[in-house]
Structures are given as C-alpha cells and as structure tokens.
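Student: Which chain is which? The protein sequence lines are D and E, in order.
The first sequence begins at 7 in my numbering and counts up by one.
The second sequence begins at 2 in my numbering and counts up by one.
No wet-lab data here; the hints were simulated from the structure.
Predicted model only: the values in this text are computed from it and were never measured.
Some hints here could point you the wrong way.
Stated by the list, open to error - Calculated cross-link-like contacts (lysine-lysine; reagent style DSBU-like; alpha-carbon spacing at most 35 Å):
#1 K146/D / K91/D
#2 K91/D / K103/E
#3 K116/D / K146/D
#4 K103/E / K116/D
#5 K170/D / K103/E
#6 K170/D / K31/D
#7 K31/D / K91/D
Said to hold, decoys possible - Covered by chain E, per the in silico footprint, the following chain D stretches (three or more residues, Cβ under 8 Å):
#8 49 to 59
#9 146 to 154
As the list claims (entries may be wrong) - Computed Cβ-Cβ distance ranges for the label pairs, DEER-style:
#10 D63/E / P90/D: 38 to 44 Å
#11 F55/E / S30/D: 29 to 35 Å
#12 A18/D / D63/E: 28 to 34 Å
#13 K103/E / A22/D: 35 to 41 Å
#14 F55/E / K137/D: 19 to 25 Å
#15 I153/D / D11/E: 21 to 27 Å
#16 V74/E / L167/D: 17 to 23 Å
Think of the CB as a built atom: it goes at the ideal place given N, C-alpha and C, for glycine as much as any other residue.
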Amino acid sequence: MIATLITQILGALTIASAMMVVLSKHPVRSVLYLVVTFFFISGLYIMMNAQFLAIVNLIVYAGAIMVLFLFVLMLLNLNKEAEPKTPTLTWVIASIAAGTLFIVLIGALKDIVLVTRPGDQVAVSNIGLVKNLGNTLFTKYVVPFEISSILFISAMVGAILLAKREKQTID
Amino acid sequence: MPTPTPINIDFYVILATLLFVIGAFGVMIRRNMIVLLMCIELMLNAVNLLMVTFSSYYNNADAQIFVFFIIVVAAAEATVGLSILILAYRQLRTIDISIFNKLKG
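Could you build the full structure based on these sequences and the hints that come with them?
Tutor: Set out below in structure tokens:
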C-alpha cells in the first residue's frame, strides 16, 4: 500500500506547513509556507485522481494569488519591528477556542452516515480528468462560468478604481 | 503515473477539519492583515479538499466544478482585499488589524 503511505505523508506535511504559515513571525515566510501548503494539497488532489483541480490549484493559487500577496508585501516594505505583537492571553484563549472548534467539528462529522457506497473507501474515479470536467463545465454549468467573467472584470475595475482615487488625493 | 489506491475517508475528513481549524486559529491570533487574508485562503482550501474528497467518494463531478468556482471567487476576493489593504496602509501607515476600529460606535 505505497499510495496510502504517500497520502498520509502528504497529509502530515500539509498540516505541518499550515502550522508554519500561522506561527512564523515574518509575513514573507508565511507566504512561502502557504505556497508549500498549496503544493501538498495539489499532491493530495492527484492522489484522489482530480488532476484538473490539481493543476488549476497550482496555477491559480500558488502561481497567481500568492505572487499577488508577495507583490503587496514587497510594496509595503515592512520590517520586522512593524509586525504586531499578540498578547499571551490571546494565545491562550485562541488555543482553547480552536481546540474546542476542532472537537465540535469532529464530533459532528463522526456520526454522519454515508449511504450510497458500502465500505469507507474513497474510490478511484475518472471524474476529475480534464475531459469529464470540461464536459460538465461547458454544458451544465456554462452560465455560472460566463457570470464568473463578469465577477472578474468587476473585481479588476474595483481594484483599479481603489488605486487610482488614492493617487489623486495625494497630488 | 502511480495509480491512486482507495483510502479511508475518515483520514480526509480529519485532515480538512484540521486545516480549517488551523486557519481559524490563525485568524484569531495574528494581527497582520495580510496574514489574516492568507489564513482565510487556508480555510477556503480546507473546504476545497473536503469537496474534492466527497466528489471522488460519490463519483460526482458537480463538487469539483464548485471547487473551480471557489478558486475563481477567491482570486477576485484576494484582488479587492489586497487593494483595500494598500489603501488603508497609505492612510494609516500600519497593517495592524487592531488599529482599524474607526467604525466602532
């Protein structure tokens, strides 16, 4: 069962790098650990045979969004003293709250009954291949696909407008 | 290309829950606005992982399409959020989230 072992190692590495995103003091290191986390999540998608989403996750998340975050961090040019300190009481309370949230979520998900398939196995299906997903996307979900382009252009216009108005008030 | 073998679904459920909780924990303890946005991306990815898991489990393509749209919305959200963040930084010269309480009544 080498694939099971690979999946478990990928899961452990995902959790470890996600913890490093939260715990590392420097924001640039947080961004880089988040890129590593997305790579591991893409690996998990490949282990579930969701190849299209693995590639999209790499291109859009690790490629585009994280580069945007890095650009903003470089633009702001923060030094280490600018990093806000968290009080110890907040650490304690947040740890208790997060642990409680985890226990509640696991307790709620523990009793779910999965009906359609006997045995608790994630099967290997060809549903995540580009051909099948493309067929679904451009037949059943073609209207949301077109509307998402309107969402993108409105986000672009909004970002440009926000940047432009600020420049005029400076001058 | 190694052929993926079946794995227990409990593993993926616990993994996605743990990722979501780590993201929520980060939102609670960090006060840097950029790291807060990154923790939100982490929580979105936990949901994506769970949706892909159940999509494979039920052999249903709809959930993976929804994951695709979640990625689209996350890209738009990151763009607008970061531009608002730059605007706030130019006004106040800080990205500490606890400074931005001007709307408090």
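Student: Indicate, hint by hint, whether the structure satisfies it.
Tutor: Here's how the hints hold up against the structure:
no. : hint                       : verdict
1   : K146/D / K91/D             : violated, 49 Å
2   : K91/D / K103/E             : holds, 20 Å
3   : K116/D / K146/D            : holds, 33 Å
4   : K103/E / K116/D            : violated, 43 Å
5   : K170/D / K103/E            : holds, 23 Å
6   : K170/D / K31/D             : holds, 32 Å
7   : K31/D / K91/D              : holds, 9 Å
8   : 49 to 59                   : holds (count 9)
9   : 146 to 154                 : holds (count 4)
10  : D63/E / P90/D: 38 to 44 Å  : holds, 42 Å
11  : F55/E / S30/D: 29 to 35 Å  : holds, 32 Å
12  : A18/D / D63/E: 28 to 34 Å  : holds, 30 Å
13  : K103/E / A22/D: 35 to 41 Å : holds, 38 Å
14  : F55/E / K137/D: 19 to 25 Å : holds, 21 Å
15  : I153/D / D11/E: 21 to 27 Å : violated, 36 Å
16  : V74/E / L167/D: 17 to 23 Å : holds, 20 Å
Hint compliance for this structure: hints 1, 4 and 15 are not met, and every other hint is.
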